[in-house]
Every structure is written in C-alpha cells, then in structure tokens.
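Novice: Throughout, the working numbering is defined as the position within the sequence shown, counted from one, plus 33.
Calculated from the structure, these hints are not laboratory results. Please note: incorrect hints may appear among the correct ones.
Here are the computed distance ranges between Cβ atoms for each label pair [what the hints assert, rightly or not]:
(1) Ala183 - Ser256: 19 to 27 Å
(2) Pro121 - Ser154: 33 to 41 Å
(3) Ser95 - Met60: 42 to 50 Å
(4) Arg145 - Asp112: 15 to 23 Å
(5) Ser259 - Thr61: 14 to 22 Å
(6) Glu197 - Lys158: 25 to 33 Å
(7) Arg116 - Arg179: 24 to 32 Å
(8) Asp153 - Gly290: 41 to 49 Å
Cβ coordinates follow ideal geometry from the N, Cα and C atoms, glycine included.
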Amino acid sequence: MKILNFGSLNIDNTYAVEHFVQPGETMTARELKRFCGGKGLNQSISLAYAGADVCHFGCVGSDGDMLIDMLNACGVNTDAVKRLSNFPSGHAIIQVDKNGQNSIMLFSGANRQIKPEWIDSELEKYESGDWLLIQNETNCLEHAMRAAYAKGMKIAFNPSPMDETALSLPLELVKLFLINEVEGATVTGKQAPGEIIAELKRRFPNASVLLTLGKKGSIFKNSHNSIFQPSYLGTVKDTTGAGDTYTGYFLANYINGMPPHECMQIATMASTIQISRDGAAAAIPTKAEVLKALKDF
C-alpha cells in the first residue's frame, strides 16, 4: 500500500528569541538556524522513518536542492517533486521563544504553483486502496481530492494552516482527519474536544478522527472505538514539526493495520522525542529511536 503525500516543501529560517516580536517592536535574535521544513516535507520524512512507502508530490524553486536531497536521504521517493526555475522555494520565518513555543510566518513560493494536469499524471501510478495525504500549504487541493477519490484512494487530511480554503474543500471525501484543537474548533464551531469530535463524526460519519491536544494528549474516534492517549513528559526545546511527526508516525502504522491505540503510543513518543531537539525535519526520530524509547519508558 502506497502513500502519495501532496504537500509543501519549505526552507525554515528559525530565530531564537526571548519572546515573540510585538507590533512596533524591534528585537535582536539570539541565533539563526536554517532547516529543511514545510508540513509536507516533515510529514513525508516521518512517514518514511515509520516504514511507509511514501512518494512526495510538490514543487521547489531553483534554490530547492537541499529540500530534495533531504527527502532522498530519509528514504522518501522524490520522483514527483518538480523544480520551477521562475519561482523561489517556499520558506518560513519561525520565532522560537525561550520556552520552545513557536510563531510561524509562511511564504508559499513554488508550493502554490501546482497544475491540475501534473496531479492527474501522478495519480495514474496509484490504485484503489492507496492513500493520499494532504494539508493546506499547496494549491489544487480540491482537484487532487476528487481525482484521488474517483480512483478509490483513501484521503487523509491535516487542515493546517486553517483558512477559508480548507473549509471550502469537499471534506465529505476524507477518510481520516488529523486535526488539532484550534483547527477542530474552526471546522465545527465547538470548543471542547469531545464536542469537536462528536460534530466531526456527525458531519462526516464515514471518517475517522484523530484530534491532537498538545501536551494534553490525543483522542481517536471511529465507528468502533474512542481512545485517549496521554502525552509523555519530556524536554521541550522546539515544538515546530511536532504535529507533522505525529501525523506521519500515526498514519504509517494505521494504514498497515496496527491497532489505533498502538499507533497513538508510537506517534506520541515520536513527537515527544522530536520536540526535545532543534528544528523540524532534522529533529524527527527514526523508528529505532522511537521503539527504544517506548521500551525504556
């Protein structure tokens, strides 16, 4: 079973700051580090590390060699990554405060230059039962969803960053929502985790829901199970990419038939390790690291 991850590829410029810059304030950062990132790239690497057969679909600019090189080095198929000479790669300006919390500003660049015909050509390589993972940092999402669904592929959707585009998509086609509290509240108009999940299941009864709650843990709900997974305590250095790490590790194991509660345990430990390190993609742990940490827990 294959996964096509239709997602962003960004160069992350990460600044260490005392606190997030306020309106009218000029601040000197303590440090600048440059990482490979983007929700799509992070999720592809997490999927590959967790053992999935994943191909990344997306676009980079002429400055995107470091992004493609990292995907290849991590075991991700990059045959569907296109290089565009007339657009820069997407990039992010990330502030990380002294508590490890982040604030992110994105520039889409090449990420939003995808053409529908490129999607159609790539989907010819996939069959019914394969998965399409999407998030909200690229264009042509509706086309990708409808084309994949018509082939019998299953769609996993991480609606981040949340905006009107995400709300306007044909969400009834989604098989698995991977969503956090803020995103869930925006989609449903509810605030409490239980109410968010109940409303999502009411609107989309054929979908399963994985709701992440940050340090409070996560909840999975399908037609048969409702499972709560607490978070694991650990050092918090940089939370950038934590949700992407969870998404990749959960989905890779879930589609291969692992029980949801075990998927949640592995994904939780993976994200716990990831936030104890600098960066996003570079901080994602290998499967061996995650399994060892669970064994020692």
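Novice: Compare the structure with each hint and give your call.
Specialist: Hint-by-hint comparison with the structure:
1. A hinted range of 19 to 27 Å holds for the C-beta pair Ala183 and Ser256, which are about 24 Å apart.
2. The hinted range of 33 to 41 Å is not satisfied by Pro121 and Ser154, whose Cβ atoms lie roughly 24 Å apart.
3. Range check, Ser95 to Met60: about 32 Å between beta-carbon atoms, so the 42 to 50 Å window is missed.
4. Restraint check, Arg145 to Asp112: a C-beta distance of roughly 21 Å satisfies the suggested window 15 to 23 Å.
5. Between Ser259 and Thr61 the beta carbons are some 48 Å apart, a value that contradicts the proposed interval 14 to 22 Å.
6. Distance hint check for Glu197 and Lys158: the Cβ-Cβ separation is about 32 Å, which falls inside the suggested range of 25 to 33 Å.
7. Take Arg116 and Arg179: their Cβ atoms lie about 27 Å apart, and the range 24 to 32 Å holds.
8. The beta-carbon spacing between Asp153 and Gly290, approximately 30 Å, falls outside the hinted interval of 41 to 49 Å.
When held up to the earlier numbered hints, the structure conflicts with 2, 3, 5, 8 and fits the remainder.
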